[in-house]
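Asker: If you want the building blocks of each chain, they are given just below.
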Amino acid sequence: MYKKVELKNGFVGMEQEVAKRWKEKNIIKKNFEMNKGKRYFTFYDGPPTANGKPHVGHIETRVMKDIIPRYKVMKGYQVIRKAGWDTHGLPVELEIEKQLGISGKEQIEEYGVEKFVKKCKESVFSYVHMWEEMTNKVGFWVDMEHPYVTYHNEYIESVWWALKQMWEKGLLYEGHKVMPYCPRCGTALSSHEVAQGYKDVKDLTCIAKFKVKGEDNTYILAWTTTPWTLPSNLALCVNKSYEYARVKANIGTDDEPKYEEYILAKDLIDTVLNETPYEIIKTFKGEELLGTKYERLMPFGNVQGKAFEVIHGDYVTLTDGTGIVHIAPAYGEDDSLVAKQNGITFINLVDKEGKFVKEVEPWAGRFVRDCNEDICKWLAKENKLFSKEKHLHSYPHCWRCDTPLLYYPKESWFVAMSKLRDELVENNNKVNWYPDTIRTGRFGKFLENVIDWGISRDRYWGTPLPIWTCEDENCGHQECIGSIKELKEKGIDVPEDIELHKPYIDNVYLKCPKCGKKMKRAKEVIDCWFDSGSMPFAQWHYPFENKEMFDNNFPAQFISEAVDQTRGWFYTLTAIGTALFGRTPFENCVVLGHVLDEKGQKMSKSKGNGVDPMVLLDTVGADATRWHFYTCSSPWLPTRLGLKNVQETRKRIFKYIVECIFILCSICRNRSV
Amino acid sequence: MWNVYSFYVLYAEIDQFNPLEYADFKSNNVMDKWIISKLNTLIKEVDEKLNKYDITGAALAIEEFTDSLSNWYVRRNRERFWSQGSNDEKIGAYVTLYRVLVSLCKISAPFVPFITDEIYQNLVVNLDKKAPESVHLCLWPEVNEKEIDKKLEQEMDLAYKIVKLGRSSRNSVNIKNRQPLSKMLISINTLPEYYADIVKEELNVKDIELGAEMSKYVNFEIKPNLPVLGKEYGKLIPKIREEISKKNQMDLANKVKQGKQEYIDIDGTQIELNQDNLLITMQGKEGFAFSGEGEIGVVLETTITPELEEEGILREVLSKVQNMRKEKGFEVLDRINLYVSENDKVEKIIKKFEETIKHDTLANNIFYDEQKEGYTDTNINGEILKIDVEVIKK
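Those protein sequence lines, which keep their order, are chains A and B.
All residue numbers for the first sequence refer to numbering that gives the first Met the number 0, where the first residue is 0 and numbers rise by one.
All residue numbers for the second sequence refer to numbering that gives the first Met the number 0, where the first residue is 0 and numbers rise by one.
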């Protein structure tokens, strides 16, 4: 009547037999189709990239993602579980560059963009069999036969639709992103390149005097190590919680006193004023300075919009300078950020070769770093210089040619997320986060300080930015294309089977509806995080198909990924959902902690303390591994994992199995005698 | 879970028990009612927790239930499964265990999908061709509120907890469960007789005293944890020691062990004492073994009188003989001859309890100091006795 209870092939063997039975009897598909016509419970699978091998952290996410849908099916819900693959982006390109033994955009262009993009496409599923095997072995039931793939034309078309929605709402704009830039090579450098070239150099620094508007003889003091950025100054930055002071200083002599009033951080008065006699008139919190207007320091170039006032920045410190930072938004990452947050406008007075533009009359055409001395002289003449001195500091240089780098504004496309800040925060407050601290902490804080999302990438393998600009400079009309149909209507001789990738899409020109001339596509692709953040609708090729399916499955009731996704997928889902649908696309989010080794150390290749996910599943088995992740600690805390302690978990749950099998066998033997 | 499952299949197969024939059977056994009540509570709890995404809480609830099931329910009911023939007690045990296993299997399925489906195939699909073909095509089991009896659960859980503490007391002084002890002292004031009897039987003690004052039997040693407390209050340590010693040691130990804080004042400095900065050891005084958890303290009297020693030896002999039957592969109902040799002390006791031994081990004869081959040296509570058993051919 009952089958003999024994594990001839151990737990792993039993699991393989069970998996075989599921396949033969089509159990997984039957589970997907259970409760058809009943209420939906929706789960979104965050797409991994299959051009790299899965690691043990992926087992954790799969195990957590799996349990809730299974439970909800048992509770009578219909649960759709579409797998997804994230396929675009720089990591894919870098992998191909490595394979081809080339490096950088110049060499890619030389190799041929079409060939390069084809290689990228071929590579994205290099390890897909490993992913599928792991997914099957761990028992994660997700529809891998009909996955969404971010490079498919249908998917890209949905992403284009999303971009067009934003375009129409006025959320897409072209702006500047400050990046480290080598004026000799004419290229921007990525952060890891910059890190290679720091050197100690002696530079001329100065403290400039910014005259307070409407007050005679009162100046705000600010220090800079790059005097050449002073013509582009647009704001001064204080820390609102620090103590500042207004002092009356005698810059004349004892016999012939000459008084000026200065504003600077209280703790730095002695260092800055040095020998100059002074008395403190009053002290106050930085808060009180916010909004103070001052006169523009140097009159070159035309500034429009909000500028020349005191703003707040958390990053202002009292370690050196005056406790007040001069802000030139074009030439510093911090400067650019704090200016954007405060709505300060933008000006760039330096050309791509690192020379002043013609508006900076005295030094036009000269390399900016060579003008530091002259700028200080000019300031002194205008009574705008407090002091100058040579200063030794660490400054980044180009690792290729040793030229000092400049921070330089690069033209970029942005989504104006800062306009949606309140809405983002409000929407997020309706989400149930596990643990709840993420809602107001890590994620909530991030949203409160959200800045505009730079979405364009000057690369090759990605969703092309669907914005065309009229080639006629006087016209300059721009169009955002939101579907293949629209592309064919407005484009000139668009091939029937157009693939929405570079270089094919770059050959498509539109006819300008304003002036009738040719329009050319912006050359950039977009951030691949925009792709994955679009999955709630793009996985269904919405709105071009599956309208009902989307309506029934938006928002998701459940998502779960590792904690680093607060800056990644959790954010892009929230951002796109808020911009397009006015809500967060998920209701419950279980945030997962990282997986550590048995001793609580981070797993790393160099330490060799990583656990191979396949070895884990092949020796200890899926059930024990799953149970370990469920019981070891709350999902959001780090999980300690090693073959040994998963084995211990197995012993704990299946304590007496060996004993029982032994008794069973002996009884069976007895009865057969 | 697997072990309970194989236990069930083992006996159900021997008895050719088919639970489908007893679908409406109602068991009145207290143990059955208890585990069914707990099962309903568990189904509800796991449902509520998963619904709130408390995956870990749900998994730990299942783990705790599994412990009660295998280490308490099955353990306490073995004899009902072993009993001969068919009777209500036995049917009740089967029906109950079957139902518990099938439900447990279903609610565990989202957690451990492989082993639960394997068990489900054998328990359900093999018997009931109309059942869904996989546990993963089943719906969540229904909760029957009428079967939940909170009072019963609490009392039985308490008895089980006391037994667990008693076992750890025995372990702490290295006295096997087979050695009977005269008395057990428990700090709580009430325990219904039904449960007291279970506790006595499980822990092999003659008598239970409730409401015992623990400090009479237990030494508390409470010391500052120097690496923690010393770092902050280095110089004050001697004074802290003095203050600690002035406190009621039992109260302080209990309070701190429950994660609460106690405050002392030294020269105007208020110092918090807690689990992290104190080292607490609680040990039974000479002649007593202690274990405690929260409010519950359990003390065993460890003095072994000559009578208790004899009884201990008897139990040990019985166990060794049963083991030997098993090792030699005898059938459960085989009659045997028992040979013992070369230990006068133990043999004297065997003679004294000869009838009991014959009855329990199905021995027709016991032979003393017979010259023969095949003896095995056996350790009986420190005494070496030669033992052998042989089947009496029909």
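Think of the hints as simulated: they come from the structure by calculation, not from any bench.
Please note that the accuracy of each hint is not assured.
Cross-link-like lysine-lysine pairs, in silico, DSBU-like; alpha carbons within 35 Å at most [unchecked claim]:
1. 344(B) / 650(A)
2. 35(A) / 129(B)
3. 163(B) / 444(A)
4. 357(B) / 650(A)
5. 51(B) / 22(A)
6. 129(B) / 22(A)
7. 43(B) / 37(A)
8. 325(B) / 643(A)
9. 175(B) / 643(A)
10. 325(B) / 650(A)
11. 129(B) / 19(A)
12. 24(A) / 51(B)
13. 643(A) / 128(B)
14. 444(A) / 284(B)
15. 350(B) / 650(A)
16. 284(B) / 29(A)
17. 150(B) / 35(A)
18. 256(B) / 284(B)
19. 29(A) / 43(B)
20. 643(A) / 256(B)
21. 28(A) / 150(B)
22. 643(A) / 182(B)
23. 29(A) / 256(B)
24. 650(A) / 150(B)
25. 74(A) / 319(B)
26. 327(B) / 74(A)
27. 24(A) / 160(B)
28. 51(B) / 598(A)
29. 74(A) / 149(B)
30. 19(A) / 43(B)
31. 234(B) / 650(A)
32. 128(B) / 601(A)
Asker: Decide, hint by hint, whether the structure agrees.
Answerer: Verification of the supplied hints:
1. 344(B) / 650(A): 41 Å, violated
2. 35(A) / 129(B): 21 Å, holds
3. 163(B) / 444(A): Violated, at roughly 48 Å.
4. 357(B) / 650(A): 38 Å, violated
5. 51(B) / 22(A): Holds: residue 51(B) and residue 22(A) sit about 32 Å apart, inside 35 Å.
6. 129(B) / 22(A): It holds: about 21 Å lies between the C-alpha atoms, which stays within 35 Å.
7. 43(B) / 37(A): Judged against 35 Å, a Cα distance of about 22 Å means the pair holds.
8. 325(B) / 643(A): 33 Å, holds
9. 175(B) / 643(A): 30 Å, holds
10. 325(B) / 650(A): 25 Å, holds
11. 129(B) / 19(A): At roughly 22 Å apart (the allowed maximum being 35 Å), residue 19(A) and residue 129(B) satisfy the hint.
12. 24(A) / 51(B): 33 Å, holds
13. 643(A) / 128(B): 41 Å, violated
14. 444(A) / 284(B): Violated, at roughly 57 Å.
15. 350(B) / 650(A): 43 Å, violated
16. 284(B) / 29(A): 64 Å, violated
17. 150(B) / 35(A): This hinted pair is violated, its Cα atoms lying about 42 Å apart.
18. 256(B) / 284(B): Judged against 35 Å, a Cα distance of about 20 Å means the pair holds.
19. 29(A) / 43(B): Since the Cα atoms of residue 29(A) and residue 43(B) sit roughly 26 Å apart, the hinted pair holds (cutoff 35 Å).
20. 643(A) / 256(B): Satisfied, since the Cα-Cα distance of roughly 30 Å is no more than 35 Å.
21. 28(A) / 150(B): Roughly 44 Å between the alpha carbons, so the hint for residue 28(A) and residue 150(B) is violated.
22. 643(A) / 182(B): 41 Å, violated
23. 29(A) / 256(B): With Cα atoms ~51 Å apart, residue 29(A) and residue 256(B) exceed 35 Å; violated.
24. 650(A) / 150(B): 32 Å, holds
25. 74(A) / 319(B): Violated: residue 74(A) and residue 319(B) sit about 51 Å apart, past 35 Å.
26. 327(B) / 74(A): Distance ~51 Å between residue 327(B) and residue 74(A) Cα, so the pair is violated.
27. 24(A) / 160(B): Violated, because 45 Å separates the two Cα atoms, which is more than 35 Å.
28. 51(B) / 598(A): 31 Å, holds
29. 74(A) / 149(B): Holds, at roughly 25 Å.
30. 19(A) / 43(B): Satisfied, since the Cα-Cα distance of roughly 32 Å is no more than 35 Å.
31. 234(B) / 650(A): 47 Å, violated
32. 128(B) / 601(A): 50 Å, violated
Hints 1, 3, 4, 13, 14, 15, 16, 17, 21, 22, 23, 25, 26, 27, 31 and 32 from the list above are not met by this structure, while the remaining hints are.
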